[in-house]
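Participant: Using the hints provided, position chain B relative to the given structure of chain A.
Residue numbers (our numbering), protein chains in the order written: chain A, 1 to 350; chain B, 1001 to 1113.
Think of the hints as simulated: they come from the structure by calculation, not from any bench. Values in this document were obtained by computation on a predicted structure and should not be read as measured data. Idealized CB from N, CA, C, for every residue including glycine. Hints may be right or wrong, so weigh each one.
[Claimed, not checked] Partial list, derived from the structure: chain B residues whose beta carbon lies under 7 Å from chain A:
#, residue
1, F1017
2, I1020
3, D1025
4, K1032
5, F1045
6, I1056
7, W1065
8, T1067
9, I1068
10, V1076
11, I1091
12, L1095
13, V1102
14, I1104
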Amino acid sequence: MMATTLMTACLKPPRFVIEPSVRFDVVSQILRSKSRGLILLVTFVLATMTWSATAAAQESRTWTDASGKFTVEAILKEVKRDSVVLIMTDGTEKTVPLAQLSADDRKYAADYRKAMLAENAAKKKATADAKKRGEDLKDELTGILQSFAQSEEQLKQAEQNPAQFRVARQSLVQETSQKLIELVSDVPQSDVARDVYLWVVRNGATDAPNSTATKMLVEHFADLPELAPMLGFLARDLSVLEKLVEKSKDESVKGVGTFLLAQQLANQENPALEDRVKKLLNQVLTKYATVIGVNRQPLGPQAEKLLFVLEHLSVGKVAPDISGADLDGVPFKLSDYRGKVVVIDFWGDW
Amino acid sequence: MYQHERSLVKQLADKPFALIGVNSDGDVDYIKKTAREKNLNWRSFWNGPDGTRGPIARAWRIKGWPTIYVIDHQGVIRYQDVRGSSMDEAITTLLAEMGHEVTITHAEDEGGH
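For reference, chain A alone in the conformation it holds in the complex (with noise of 0.2 Å):
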């Protein structure tokens, strides 16, 4: 859009490079007077719209024709097999065949050419590795995983009381997280990367390899709607939590955080905190209603529910009403005994 506008504002009908001298006169006249800066823009704009002349970013420079008599100001797009393409102070672009330029001009043109080619295979290789090192920390993962799973059985097998088989088993997740987290410590933004912090956390690891695989998913992965589930043993910490809630762009992970925040603020019983517990709330009732949350029900009643509790059934709030019958069945209200201290327990003999 932009350089639509700029291209068609600073505009002149095309013409051929090589011109002459008056020609070429006017046209540095109008580089001069415009500013240097809107040149550059010029060759901004376009650097961005051609992969190729993001390549190397090239600089203006002066071109001479093959007689020596004619030269142009100009940038170099793009060299082809027997000509360049120009990009002129105008921001046109013209295409030179090498045969009507100067010999400089076509060893500046064939050294462009081949640092291209150079750049466009290293960029291939680096492309082709990066997948290579992806797939094979992938196979090493499984591998991982899969060594994990049997030792899990065995332990299974082995440890006849459950309470020695958690054990044994949380260190085995200890220590499966440790090698997890250094296999992907180079490519922490990674698929294979997010699989392990993900495993890390949902199998409970705790310490280190618990605090680096949340860190990381509250850095690297904060959009990934699978955090929402895993929100109130992922984000213990209200740090946490109101990291994740500003960062992530996905609607359940913003929502049931906002919850888990309120929720949390609420049970500091502090009533300085009230004003933001209830804001909270009410943007969880008009934003996140039908979000899911942390217990697998709608975060909408549960809020509505935890803003009564607050608004009604908190220290230093009059006590609702109750009005009822006793089991002989004879009416009576709680409001009967004001005037009294009075105990209310909600009980059951069972």
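Facilitator: Relative to chain A, chain B alone:
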């Protein structure tokens, strides 16, 4: 639990104090019989045939039983989920605010559970 409550009601009979239960047993005949047999000396609302899902517990968003609220003479909730000696302390504090100094003690030998 019953023992502690019976003792409280008995000791504070002449003070501005009441213990009000909300009973969540669905079977009213059973709970009437139990109240008689165990000599429960406080008044309870009955939460209805739906038991724990009855209207009063629902209105108060009760999640667990027993749940305790202590309210002052102006009807303001002052304590939540206080048991045993902390319930005694809460009651003592609130009665003191009204100018009633009480010392609550519980005998060990009362029957019932």
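Participant: Now, for every hint given, state plainly whether the structure supports it.
Facilitator: Right, here's what the structure says about each hint:
At a threshold of 7 Å, the smallest CB-CB gap from F1017(B) to chain A is about 5 Å, leaving the interface hint in force. The closest approach between the C-beta of I1020(B) and any C-beta of chain A is roughly 5 Å, which is under the 7 Å cut-off, so the hint is satisfied. Checking D1025(B) against chain A by beta carbon gives a least distance of about 5 Å; that is within 7 Å, so the hint holds. Nearest Cβ of chain A to the Cβ of K1032(B): about 5 Å, under the 7 Å cut. The hint holds.
The restraint placing F1045(B) at the interface with chain A holds, with a minimum CB-CB distance near 4 Å, inside the 7 Å limit. Given hint, I1056(B) at the interface with chain A, holds; its Cβ is 6 Å from that chain's nearest Cβ, closer than 7 Å. Taken as an interface hint, W1065(B) checks out: its beta carbon lies about 5 Å from the nearest beta carbon of chain A, inside 7 Å. Hint status for T1067(B): holds, given a least beta-carbon distance of 4 Å to chain A, under 7 Å.
Interface hint at I1068(B): satisfied, since its Cβ lies 6 Å from the closest Cβ of chain A, which is below the 7 Å cut-off. With a cut of 7 Å, the hint placing V1076(B) at the interface with chain A holds, because the nearest CB-to-CB distance is about 6 Å. The beta carbon of I1091(B) comes within 6 Å of a beta carbon in chain A, closer than 7 Å, and the hint placing it at the interface holds. Because the closest C-beta pair between L1095(B) and chain A is about 6 Å apart, less than 7 Å, the hint holds.
For V1102(B), the interface hint is violated, since its Cβ never comes within 7 Å of a Cβ in chain A; the closest pair sits about 10 Å apart. A least Cβ separation of about 12 Å between I1104(B) and chain A goes past the 7 Å threshold, and the interface hint is therefore violated.
Comparing the model with each earlier hint shows violations of hints 13 and 14; every other hint is respected.
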